[in-house]
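Visitor: Chain by chain, the residues:
Protein chains: 4
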Amino acid sequence: MSTTQKIRYSDCDPQGIVFNANYARYWDDAITDWFEELGFGGTELGGIGVDVVTARLEIDFKAAARLGDTLVTEAAVERFGETSMTVLVDTSRESDGLTVAVGRAVYVFVKPADFRPIAVPESFREAAARNVGTSG
Amino acid sequence: MSTTQKIRYSDCDPQGIVFNANYARYWDDAITDWFEELGFGGTELGGIGVDVVTARLEIDFKAAARLGDTLVTEAAVERFGETSMTVLVDTSRESDGLTVAVGRAVYVFVKPADFRPIAVPESFREAAARNVGTSG
Amino acid sequence: MSTTQKIRYSDCDPQGIVFNANYARYWDDAITDWFEELGFGGTELGGIGVDVVTARLEIDFKAAARLGDTLVTEAAVERFGETSMTVLVDTSRESDGLTVAVGRAVYVFVKPADFRPIAVPESFREAAARNVGTSG
Amino acid sequence: MSTTQKIRYSDCDPQGIVFNANYARYWDDAITDWFEELGFGGTELGGIGVDVVTARLEIDFKAAARLGDTLVTEAAVERFGETSMTVLVDTSRESDGLTVAVGRAVYVFVKPADFRPIAVPESFREAAARNVGTSG
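Residue numbers (this note's numbering), protein chains in the order written: chain A, 326 to 461; chain B, 326 to 461; chain C, 326 to 461; chain D, 326 to 461.
Hints listed in this document are in silico derivations from the structure and should not be mistaken for laboratory results.
Be aware that a few hints might be false.
Mimicking DSS-like on lysine-lysine, the simulated pairs with C-alpha atoms at most 27 Å apart in a straight line are [said to hold, decoys possible]:
1) K331(D) to K331(B)
2) K387(C) to K436(C)
3) K436(A) to K387(D)
4) K331(D) to K387(D)
5) K387(A) to K436(A)
6) K387(B) to K331(B)
7) K331(C) to K387(B)
8) K387(A) to K436(D)
9) K436(C) to K387(A)
10) K387(C) to K436(B)
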């Protein structure tokens, strides 16, 4: 799964590079696209009454990205826990493949009403497994 | 009514000045503070079952603000319509009073369920009138 | 000239709709794309030593856009002044063409060093005129 | 060192809670305030010709913050490396002290011209040490 993001003027700070917090946003965009691709887009995971919250982010900033760059963010499930999913994320520059930011994000599946953790839905787990199978 | 906003690093763009869209956000913050001050904070205007959406923004950018500046945003009701409220907004630099951005915002009162316009609540209109009276 | 923007989760607020200030950002993105298309991308208008600042925004919010929507922002020069350019902007929903936000933006050409207005570069004026010719 | 941040409407997403990437922004704000407090504010660390970039972020999201909450972000140096500084960060709800997000941020001192790492300036290291001493 990969998402392409063109760097926007407002993404850059006075240093002329992408402001660090925007990578967390790029990663959220990439994960959201991946959920959609699996058929669990929109609110409450496409209608199955489940929501997802971010539990942890680890981001290593490896290089600076600038206006004019386009970034490619790839995500792959590292492991599923009882109620969580750990995703490896890698953002690189499209032009030359240079890794710009890399790390992992942990998501927890919750009930929309009270944000309490619930087991990863079996249908989601299966869709994610199939997705890995088909894309490589 | 006035709200003070310290300019943040991420508010500034590669030109080293506050990115234009952030003024719309500063204005939203100022209006939200004013609603709170009138007793209509939080969701559904403090529990009276009414919401507000932005219908129009007019912003004239008069000067550039930079990291290190603190801005003061003042808002004053220009007029009430049947379902709307027009607010004059002025954002100036705290250090010397220089106007940085000035204009108006029009808000429409709506039903939260379907965003359809409804009459300006009488209680809000009265609170706004009293607020003008006491602050000058 | 048109730019397509997929609405992102972080663009939406607790009302579940695109937060008003994000339209100013979408418009900035669209104008930036148009400058690039004309050959004046990047810093200092592609190296001619000129910068552009936003002098005025007028935005009428006509409808709410939500997660799952894709927006198309079109911009067209309304007029050139001595040092400025007024652009008509229209953002609509890609699925059905519904206008979501419409208005105008005024840009002023400045010297990068001190942000003082300068005459619209003739090369830019000509490129903009040709662009209108070819696209419609 | 602590920075107080009022949660803004545009900080919150359709789940009604602060969007995850905004914590990276809150942390950047807090660190920036701390640099100012130490006398190294503004560009190039208050004029000593040094810049700082974010090299790593680790954020554990412990609880959801909502509109109406005010957050307090505290930062404390964990260790200095040759060219880097690791800071422990803790963001809690002002009303009851509940930890909302906790983790660490690693910053690298660089030359502004090319973003290449340089040794932590001795004057900064000393100011940071004194600051720890006086505040606890």
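Visitor: Compare the structure with each hint and give your call.
Guide: Okay, the hints, checked on the actual structure:
| no. | hint | verdict |
| --- | --- | --- |
| 1 | K331(D) to K331(B) | 12 Å, holds |
| 2 | K387(C) to K436(C) | 36 Å, violated |
| 3 | K436(A) to K387(D) | 16 Å, holds |
| 4 | K331(D) to K387(D) | 18 Å, holds |
| 5 | K387(A) to K436(A) | 36 Å, violated |
| 6 | K387(B) to K331(B) | 18 Å, holds |
| 7 | K331(C) to K387(B) | 31 Å, violated |
| 8 | K387(A) to K436(D) | 16 Å, holds |
| 9 | K436(C) to K387(A) | 34 Å, violated |
| 10 | K387(C) to K436(B) | 16 Å, holds |
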